[in-house]
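**Student:** For reference, the chains in residue letters:
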Amino acid sequence: MIAVQTKSLIKSYKTSHGYETMALNRLDMTVESGEFIGIMGPSGSGKTTLLNLIGTLDTSTSGNIVIDDQDITQLSRDELVKFRRDKLGFIFQDFNLLDNLTVQENIIFPLLISDSVKTSTTEKVRDIAKILAITDILEKYPYQVSGGQKQRTAVARAIVKGPSLILADEPSGNLDYNSARNLVGYLASINRIYRSTIIMVTHDPAMASYCDRVLFLKDGEIVSQLAKDPNRDDFYPRVMSMIMSLEGENSGLPASSI
Amino acid sequence: MGYRHLVYKNLRHSLKKFMPFFLSCYLAVVIFAVYTTLLFNRSIDATGFSTVKLIIAICNIIIVIFSLIYVTYALQATLGLRKYEFGILNLMGLSDRKIRQSIRYEIICIGSIAIILGTISGITLSKVAFRALASALCISGATFMIDPKSILLSVALFMVMFLTIARFNARKITKTKPLDLINSQRTPEKVLYNPTLGFIGIVAPIILILMFLIKNINLSVLIICIPLVEFLFFRYGILYLANLISRKWANLNYRFLYVFSRLKFNIATNWKLMLISSILQTSILVFVGFAFSAFV
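Protein chains in written order, with this note's numbering: chain A, 1 to 258; chain B, 1 to 296.
Looking at chain B on its own, in the form it has when it is part of the complex (with noise of 0.2 angstroms):
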């Protein structure tokens, strides 16, 4: 019995912690292998569709955007229940460059099989994609192919953002004293509630949408109202709508206390993610409009 092989089993037990890490890397891979593919497709560009791969390129880099957000926070989320393991290995001796080594290993090895089952099942999906693409704009003269290029990108720059990741956040978790990492799991995250400015995340879309439906806004307002207002939706909108409703409703049925307990708990870990991704939605959902009325 070694040291390593300690550090194996322990982890081989904790890999169902690691299941949301993994299926969130597998996810993105995917999505980027099967834009990746369709992207290196020398034959679409012969059939004079190059609009399409201009189009598929910038979803690409937005895709990127994403799964960099995306994994980083599941990853978070993920060595956040195992801060406790971390702070007892600390507690007994184990150095912050072991930790750190430790973390680095196992997220290269859960990365790793992400990227290989990732690019496997990307390539396979872009073939499906590629039809469906290719009967909705009526290409015709194209054909599936898969240009080892599209792989070697899927698989380097994953990896490169696995490691990225792996080593910020290896560092974070050597940087914070191993008594709160020991504590983490008994510390809820801090609610903070603001009724004045959860008020006005409430009805601060409500205006922009009527304001949007009254009268035909500027896009240079919308672009900056939009985060401002998402903002104030996300971080103390929710927030407010929850506390509004429990305080009438929860105190009738447990199941309501238990849900909006539940969910004030989690709007106040997740507001970042909710507005990251709401943000990234409406880029996504504006691009596409645009690309959309640009094409056709």
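So that you can see chain A by itself, here it is in the shape it has in the complex (with noise of 0.2 angstroms):
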């Protein structure tokens, strides 16, 4: 079944000097149900574009964006609010957690707003929060924990209304080895337990080696892919060489397996 469907989706800028730039030039893409999608590529190559784009954050230019069957680019705003808080989950590079609300109250509050609180809510958080690690720090603020528990309250909050497909930019950009390590170990299991499709952009070979299928993109178009090998540790280096001969030797990539 087909989860993420794009077609000859362009998204296009006008610069202060009036000049167009070309985010996105006619990509097709296509994510089956449960799969976990890496998408990979140089700087301005319009990975954070294309996300932005599925999570209903921006408006293409032209081109389809089909999300479980349902076209995202005919919705009206009312809509995609509600297609948001059904559909999908959110994990950025930034964490993005309300910093007056505990973590068990950032983590709930999606559920809030869609009043589907039930009295097994608590119990779902805490089986989650056990699956992420932070049992306990539920009672404390995002202030008062380090960057990867907070990202795993991101991914906690994202998974929390069991969303078909979650959306993770950059999830491990602001962490440290160990911590992004354990992030795309848990997403990894998320993916696996919930059977939850998974778009994660990110610019680290080692993260993208924990993916299903890894895409691409150069100038705003898909330029390759690679698929999953049984062996990690084979796959990582697939990864590797064609980053390498997307952007060269100096490519600036982390060259650390995890």
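Any given hint could turn out to be false.
[Said to hold, decoys possible] Derived, one-sided and incomplete: chain A residues facing chain B with beta-carbon distance under 8 angstroms:
1) Asn52
2) Asp58
3) Leu75
4) Val81
5) Lys82
6) Arg84
7) Phe90
8) Asn96
9) Pro110
10) Arg213
[What the hints assert, rightly or not] Pair by pair, the computed Cβ-Cβ distance ranges are:
11) B:Arg97 with A:Gly185: 37 to 45 angstroms
12) B:Lys172 with A:Ala188: 37 to 45 angstroms
13) A:Lys7 with B:Asp180: 45 to 53 angstroms
14) B:Val259 with A:Asn64: 45 to 53 angstroms
15) B:Leu163 with A:Met1: 19 to 27 angstroms
16) A:Pro230 with B:Met19: 47 to 55 angstroms
17) A:Asn178 with B:Ile113: 45 to 53 angstroms
[Said to hold, decoys possible] Calculated from the model, a selection of chain B residues having no Cβ within reach of chain A, i.e. all distances over 10 angstroms:
18) Leu54
19) Met92
20) Ser140
21) Lys177
22) Pro178
23) Thr196
24) Phe260
Hints are computed from structural coordinates only; laboratory data are not their basis.
Note that the Cβ used here is the ideal one computed from N, Cα and C, for glycine as well.
Since each chain sits alone in its own frame, please combine them into the complex, following the hints.
**Tutor:** Right, dumping it as structure tokens:
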């Protein structure tokens, strides 16, 4: 079953000098339900723009995006809000938590918005917290916890409603080596346990090596893709060499394997 | 734990961000209440000083216009600090209608407190203002009095004003893309720098003052020239001057560098308010000058 499909997706921006910049150029892609997809590419290749368009946070210049058989480019603003609430979960590089609410309140907030709080909600939050190892910090505020814990809180918030699609924009961007390794492990577990479709934008080939498929973007187009290897240790070098061939030796990407 | 409880908790922790808005509302209500109490004082009519009342009435109109601009600006600055929060709420699926409701609810709560406290303070201060006015103009026979109509007018006018501002600004927030709301904290104001207009902006006020000193300029020319010159000065002139000074001094000392970079950013952000304030200030001064010369 197809979870996400983009058809001839174009996003262009007008610069202050009047020039038009093409962020996405007739992009076609298909993501199967339950897939863990990685999107990689050099800076300015259109990775985050693509994620923002799929996440209904931005509007495309032309083309269509179909998620769960629904063309989101045809939805009104109110319908988009409802769509986001029911179908999507977001994980950002900057965590984007509400600082005035505790970790538990941050996780439970999306459920309160959608009026889907039941007596079992607290149990559900505790279960997710257990998987993400944040049970001890549930009563703490975001400023009292580490970056890795904040990001795991953001992951918990993203999955608590059981969305059909989780979008992660550079989730390890603000994390250290160990936290990044843990986080991607948790994302892979969530993908396995809940069968959630995950689209993750990353610069890190080691993070991407956990994905089922990695798409490579350049100048707003998908130039290549790699499917998962049964052995992750073999998949990582393939991702790395693809990045090298796209950007050259001085890509500035971390060479360490997680 | 419910949705309302969490929204209330979030608001309670954001009270610090509402302080500039509350103070602006409070000050506006205080000043208006002082003038309105004096305006509705019937005992001044009997003393033959009705011209004073006319001046107070005109001042009150100016205060209302000024308050509207000032409070709107303060609210925009406050909401600007919370755009990120609204972006997150919208991202999680909180509808535009609920965000608008929440903004309106917050503004009405804070506005109501400002109206109550401002009216009480205004009435108290108006007694002092009445004594000062009576003493300066040697008004005898008039007594200080509070007409309930003045309280009603202050409360009604500012409640309508806050509701209108709340409605307009809440709509503006919910028309913004969630991505722009979330990124608002990271996006600095665009600094528009034009050296030619900047130079004109600095020279124009000097020429205007010199012309005024050397030659008696026609009033209508002055009325056209002042806003134009003020616009050039605040929009381009100050930035040009700041750039000129910072180019020479900023690299010598980290304090200069920091102060001038902040100054440039603040000018770019606040030039509209500075321009409006200065035009209003000029209008009030011109009006008071005319009123004073007519009265004396």
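**Student:** A separate judgement is required for each hint: does it hold in the structure or not?
**Tutor:** Hints and how they fare:
no. : hint                                       : verdict
1   : Asn52                                      : holds, 6 angstroms
2   : Asp58                                      : holds, 5 angstroms
3   : Leu75                                      : violated, 13 angstroms
4   : Val81                                      : holds, 5 angstroms
5   : Lys82                                      : holds, 7 angstroms
6   : Arg84                                      : holds, 5 angstroms
7   : Phe90                                      : holds, 6 angstroms
8   : Asn96                                      : holds, 5 angstroms
9   : Pro110                                     : holds, 5 angstroms
10  : Arg213                                     : violated, 26 angstroms
11  : B:Arg97 with A:Gly185: 37 to 45 angstroms  : holds, 40 angstroms
12  : B:Lys172 with A:Ala188: 37 to 45 angstroms : holds, 42 angstroms
13  : A:Lys7 with B:Asp180: 45 to 53 angstroms   : violated, 26 angstroms
14  : B:Val259 with A:Asn64: 45 to 53 angstroms  : holds, 52 angstroms
15  : B:Leu163 with A:Met1: 19 to 27 angstroms   : violated, 50 angstroms
16  : A:Pro230 with B:Met19: 47 to 55 angstroms  : violated, 60 angstroms
17  : A:Asn178 with B:Ile113: 45 to 53 angstroms : holds, 49 angstroms
18  : Leu54                                      : holds, 50 angstroms
19  : Met92                                      : violated, 5 angstroms
20  : Ser140                                     : holds, 58 angstroms
21  : Lys177                                     : violated, 6 angstroms
22  : Pro178                                     : violated, 5 angstroms
23  : Thr196                                     : holds, 19 angstroms
24  : Phe260                                     : holds, 24 angstroms
When held up to the earlier numbered hints, the structure conflicts with 3, 10, 13, 15, 16, 19, 21, 22 and fits the remainder.
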